[in-house]
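Top to bottom, those sequences are chains U and A.
Counting with numbering that gives the first Met the number 0, you get residues 0 to 145 for the letters of the first sequence.
Counting with numbering that gives the first Met the number 0, you get residues 0 to 145 for the letters of the second sequence.
Simulated from the structure, these hints should not be mistaken for laboratory data.
C-beta: ideal position from N, C-alpha, C; glycine also.
It is possible that some hints are incorrect.
As the list claims (entries may be wrong) - If you anchor each label on the Cβ, the simulated ranges turn out as follows:
#, chain 1, residue 1, chain 2, residue 2, range
1, U, Leu105, A, Ala18, 13 to 23 angstroms
2, A, Gly44, U, Phe65, 36 to 46 angstroms
3, A, Gly90, U, Gly118, 30 to 40 angstroms
4, A, Tyr61, U, Gly44, 30 to 40 angstroms
5, U, Gly118, A, Gly44, 26 to 36 angstroms
6, A, Glu47, U, Gly44, 29 to 39 angstroms
7, A, Gly118, U, Gly99, 27 to 37 angstroms
8, U, Ala18, A, Met0, 25 to 35 angstroms
Stated by the list, open to error - Away from chain U, derived, C-beta distances all over 12 angstroms, residues of chain A:
#, residue
9, Glu30
10, Pro40
11, Asp74
12, Cys82
13, Ala108
14, Trp122
15, Gly126
To be verified - What the simulated footprint calls covered on chain U by chain A, stretch by stretch (three residues with Cβ under 8 angstroms from a Cβ of chain A suffice, anywhere in the stretch; the number is not a length):
#, segment
16, 11 to 21
17, 24 to 34
18, 37 to 46
19, 101 to 113
20, 116 to 125
Spelled out from the first residue to the last, the chains are:
2 protein chains.
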Amino acid sequence: MEAANQAFYDAVENSDLDALEAIVLTGPLAESVAVVHPGWPVLRGRREVMRSYALIMANTEYIQFFLTDVEVAVDGDTALVTCTENILTGGPAEDDGSAGSLVGGLVVATNVFRHTPEGWRLWVHHGSPVLADESDDPEAAGDPDA
Amino acid sequence: MEAANQAFYDAVENSDLDALEAIVLTGPLAESVAVVHPGWPVLRGRREVMRSYALIMANTEYIQFFLTDVEVAVDGDTALVTCTENILTGGPAEDDGSAGSLVGGLVVATNVFRHTPEGWRLWVHHGSPVLADESDDPEAAGDPDA
């Protein structure tokens, strides 16, 4: 199960749209596939989701995910993975050929997979930016400007 | 199915912790219940989730959800709801007794429910702020400062 989750991130990291095509759910639930990229509205349906990843891959020079806090729960044909994505992204190379600047980011994700005859396939991916420290103060933590 | 989703938001809107207790999944999957409040890290486990709602309710004078873009997919014992939460929140009343200031917010949510003998119960709620207009430019839309 963790393998399917890792394969999803590997596909994005490797900018491998074919690998991602193989991981995202097909069949009767394809129209309900849902993805939220950090800060984005909901994208619904396999076609719209794949289109967004094609755009992201085309506009991303370099991206690497270090996953932490990975927790998995499996119940029958459904699996839930929550994790923290420690993301390192790079801009385009400089004119002199040197590597572009790197930027780090912290995103939390809930990923839901369904089991199919071909294996576990991604049904839902919701990633969102962590905007505050873990805190007991919901007003402070709930404020996007905090 | 929409009824369970609405009951979840009604419970928060009414600051009704007992009603929320009845909606959040119990049983073998209780430890895997996962909630992400907008901008927060992942909260995992029914106990931690309920504690967060108790804190939020204690610190929220007024909150109202207008749900739009509600889309539901049901497959066997699992249901996925995506929706946009148009949130109106109010601060504490002023010293002169007049109502506190109201603030609007836009959050997108993916909610996953499991069917139990008692009905549909919430397994996953992930809410995240929408930080950019819907756009074909993933770099602009992915930038929390955009």
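Okay, the hints, checked on the actual structure:
The hint said 13 to 23 angstroms for the Cβ distance between Leu105/U and Ala18/A, and at roughly 33 angstroms that hint is violated. Between Gly44/A and Phe65/U the beta carbons are some 24 angstroms apart, a value that contradicts the proposed interval 36 to 46 angstroms. The supplied range of 30 to 40 angstroms is broken by Gly90/A and Gly118/U, whose beta-carbon atoms lie about 50 angstroms from each other. Against the hinted window of 30 to 40 angstroms, the Cβ-Cβ separation of Tyr61/A and Gly44/U comes to about 35 angstroms, which satisfies the hint.
At roughly 28 angstroms, the beta-carbon separation of Gly118/U and Gly44/A lies within the given 26 to 36 angstroms, and the hint holds. At roughly 33 angstroms, the beta-carbon separation of Glu47/A and Gly44/U lies within the given 29 to 39 angstroms, and the hint holds. One distance hint, 27 to 37 angstroms for the beta-carbon pair Gly118/A and Gly99/U, is violated here, with the actual separation near 52 angstroms. Here the CB-CB span from Ala18/U to Met0/A is close to 33 angstroms, well matched to the stated 25 to 35 angstroms.
Not every Cβ of chain U is farther than 12 angstroms from the Cβ of Glu30/A; the closest lies at roughly 8 angstroms, contradicting the non-interface assignment. Listed as outside the interface, Pro40/A is inconsistent with that label: its C-beta sits roughly 5 angstroms from the nearest C-beta of chain U, within the 12 angstroms cut-off. Its beta-carbon lying about 6 angstroms from the closest one in chain U, Asp74/A breaks the requirement of being farther than 12 angstroms from that chain. With a least CB separation of 8 angstroms from chain U, Cys82/A falls inside the 12 angstroms interface cut-off, contrary to its annotation.
A Cβ of chain U approaches the Cβ of Ala108/A within 12 angstroms, the least distance being about 8 angstroms, so the stated non-interface status is violated. Non-interface call for Trp122/A relative to chain U: violated, since the shortest CB-CB distance, roughly 7 angstroms, does not exceed 12 angstroms. Its closest Cβ contact with chain U, about 8 angstroms, brings Gly126/A to no more than 12 angstroms, contrary to its assignment away from the interface. A stretch counts as covered by a chain when three or more of its residues have a beta carbon under 8 angstroms from one of that chain; for the segment 11 to 21 of chain U and chain A the count is 0, and the coverage is violated.
Counting residues of the segment 24 to 34 of chain U whose C-beta sits closer than 8 angstroms to any C-beta of chain A gives 5, which meets the bar of three, so the coverage hint holds. Check on the segment 37 to 46 of chain U: 6 of its residues sit with their Cβ under 8 angstroms from a Cβ of chain A, so the three-residue criterion for coverage holds. Under a criterion of three residues with beta carbons nearer than 8 angstroms to beta carbons of chain A, the stated coverage of the segment 101 to 113 of chain U is upheld, 4 such residues being counted. Counting residues of the segment 116 to 125 of chain U whose CB lies closer than 8 angstroms to any CB of chain A gives 3, which reaches the minimum of 3, so the coverage claim holds.
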